[in-house]
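K.L.:
Please construct the entire structure, taking both the sequences and the accompanying hints into account.
Next come the chains, spelled out residue by residue.
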Amino acid sequence: GAGVSQTPSNKVTEKGKYVELRCDPISGHTALYWYRQSLGQGPEFLIYFQGTGAADDSGLPNDRFFAVRPEGSVSTLKIQRTERGDSAVYLCASSLNPPGVRGGSEQYFGPGTRLTVT
Amino acid sequence: AQKITQTQPGMFVQEKEAVTLDCTYDTSDPSYGLFWYKQPSSGEMIFLIYQGSYDQQNATEGRYSLNFQKARKSANLVISASQLGDSAMYFCAMRERDTGRRALTFGSGTRLQVQP
Numbered sequence: 001g002a003g004v005s006q007t008p009s010n011k012v013t014e015k016g017k018y019v020e021l022r023c024d025p026i027s028g029h030t031a032l033y034w035y036r037q038s039l040g041q042g043p044e045f046l047i048y049f050q051g052t053g054a055a056d057d058s059g060l061p062n063d064r065f066f067a068v069r070p071e072g073s074v075s076t077l078k079i080q081r082t083e084r085g086d087s088a089v090y091l092c093a094s095s096l097n098p099p100g101v102r103g104g105s106e107q108y109f110g111p112g113t114r115l116t117v118t
Numbered sequence: 119a120q121k122i123t124q125t126q127p128g129m130f131v132q133e134k135e136a137v138t139l140d141c142t143y144d145t146s147d148p149s150y151g152l153f154w155y156k157q158p159s160s161g162e163m164i165f166l167i168y169q170g171s172y173d174q175q176n177a178t179e180g181r182y183s184l185n186f187q188k189a190r191k192s193a194n195l196v197i198s199a200s201q202l203g204d205s206a207m208y209f210c211a212m213r214e215r216d217t218g219r220r221a222l223t224f225g226s227g228t229r230l231q232v233q234p
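Protein chains in written order, with the working numbering: chain L, 1 to 118; chain H, 119 to 234.
Take these hints with a grain of salt, some might be off.
Here's a subset of chain H near chain L, in silico, CB distances under 10 Å, partners left out [said to hold, decoys possible]:
1. THR125
2. PRO127
3. MET129
4. PHE130
5. GLY151
6. GLU162
7. ILE164
8. PHE186
9. ALA211
10. ALA221
11. THR223
12. GLY225
Per label pair, the in silico range of CB-to-CB distance [stated by the list, open to error]:
13. L:ASN97 <-> H:GLU133: 29 to 39 Å
14. L:THR13 <-> H:GLU133: 24 to 34 Å
15. L:GLN80 <-> H:GLN175: 40 to 50 Å
16. H:SER198 <-> L:LYS17: 45 to 55 Å
17. L:VAL68 <-> H:PHE130: 40 to 50 Å
18. L:ALA2 <-> H:ARG215: 22 to 32 Å
19. H:SER149 <-> L:ARG81: 10 to 20 Å
20. L:ASN97 <-> H:LYS121: 31 to 41 Å
21. H:GLN231 <-> L:PHE66: 35 to 45 Å
22. H:THR123 <-> L:PRO8: 33 to 43 Å
23. L:PHE66 <-> H:PRO148: 32 to 42 Å
24. L:ASP63 <-> H:ASN176: 17 to 27 Å
Hints in this document: simulated from the structure, not taken from any laboratory. Just so you know, these numbers come straight off a predicted model, no measurement behind them. Glycine is no exception: its CB is placed at the ideal position from the N, C-alpha and C atoms.
P.N.:
Spelled out as structure tokens, the structure:
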């Protein structure tokens, strides 16, 4: 079946510009997560959605970052006034069940969007 | 303090041999889950194996097994009969129940290279 998809796969933008990154989770998965992975590091949590609502946005680094999931499926991560330090791979993951439920809570990741801010 | 520590930045193993990738974790939460993911050069994170803190037996999934030593707070991944396709980055991750954080906390990873 189809896995998690993310578009674009690569995005190059100039400092100060606005960008949107899209995530299409596995059909039927209720939980959706965004992570950011810098070179040589493990992914770092940004935000978690359960359904349409952001259940945990404690990982967003500042108010330039925002994410939505209006219909409980596709999610968009939005970054305003991009800075060079925002350059990273942005990973999206989804899981069938909310975390804490033993079965079906493992997260499945998309291929990521590589964001480069020049 | 680091929540997840992977002390081996890189590992080499001969094809068909077994290899152990180390992971130690730090938590005061009595209920937690430990995960291993594989990240090939394509970039996608692939779920390998899960171990719950209350599980009595070590988890196994095909050639992957998790050597869970709760008292030592370690959750090492063992890959048996290594294959060339196992060459990738491997990440250990944890999710704690009582912190309210629903996402995974990852270690810095170990790069495994399988040599023919």
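K.L.:
Given the range 32 to 42 Å, decide if the beta-carbon distance of PHE66 of chain L to PRO148 of chain H lies inside it.
P.N.:
35 Å, holds
K.L.:
So, as I understand it, the hint says ALA221 of chain H touches chain L; can you test that by seeing if any CB pair is closer than 10 Å?
P.N.:
4 Å, holds
K.L.:
Does the closest beta carbon of chain L sit nearer than 10 Å to the beta carbon of PHE186 of chain H?
P.N.:
16 Å, violated
K.L.:
Mind checking the CB of ALA211 of chain H against every CB in chain L and telling me if the closest is under 10 Å?
P.N.:
At about 7 Å, which falls below the 10 Å cut-off, the nearest Cβ of chain L leaves the hint on ALA211 of chain H intact, so it holds.
K.L.:
May I ask you to test the hint 33 to 43 Å on the CB atoms belonging to THR123 of chain H and PRO8 of chain L?
P.N.:
Hint holds: Cβ distance 34 Å, inside 33 to 43 Å.
K.L.:
Indicate whether the distance between the beta carbons of GLN231 of chain H and PHE66 of chain L respects the range 35 to 45 Å.
P.N.:
For GLN231 of chain H and PHE66 of chain L the Cβ distance comes to about 39 Å; the hint holds.
K.L.:
Using the nearest Cβ pair, does THR223 of chain H come within less than 10 Å of chain L?
P.N.:
7 Å, holds
K.L.:
Do VAL68 of chain L and PHE130 of chain H keep their Cβ atoms within the hinted range of 40 to 50 Å?
P.N.:
Between VAL68 of chain L and PHE130 of chain H, where Cβ atoms are some 44 Å apart, the hint holds.
K.L.:
For the pair ASN97 of chain L and GLU133 of chain H, does the Cβ-Cβ distance stay inside 29 to 39 Å?
P.N.:
37 Å, holds
K.L.:
Using the Cβ atoms, figure out if ASP63 of chain L sits within 17 to 27 Å of ASN176 of chain H.
P.N.:
Distance hint for ASP63 of chain L, ASN176 of chain H is violated at roughly 44 Å.
K.L.:
Taking 22 to 32 Å as the stated bounds, is the beta-carbon spacing between ALA2 of chain L and ARG215 of chain H within them?
P.N.:
31 Å, holds
K.L.:
Does PHE130 of chain H pass the interface check with chain L, least Cβ-Cβ distance below 10 Å?
P.N.:
18 Å, violated
Checked against the numbered hints given earlier, this structure breaks hints 1, 3, 4, 8, 14, 19, 20 and 24; the rest are met.
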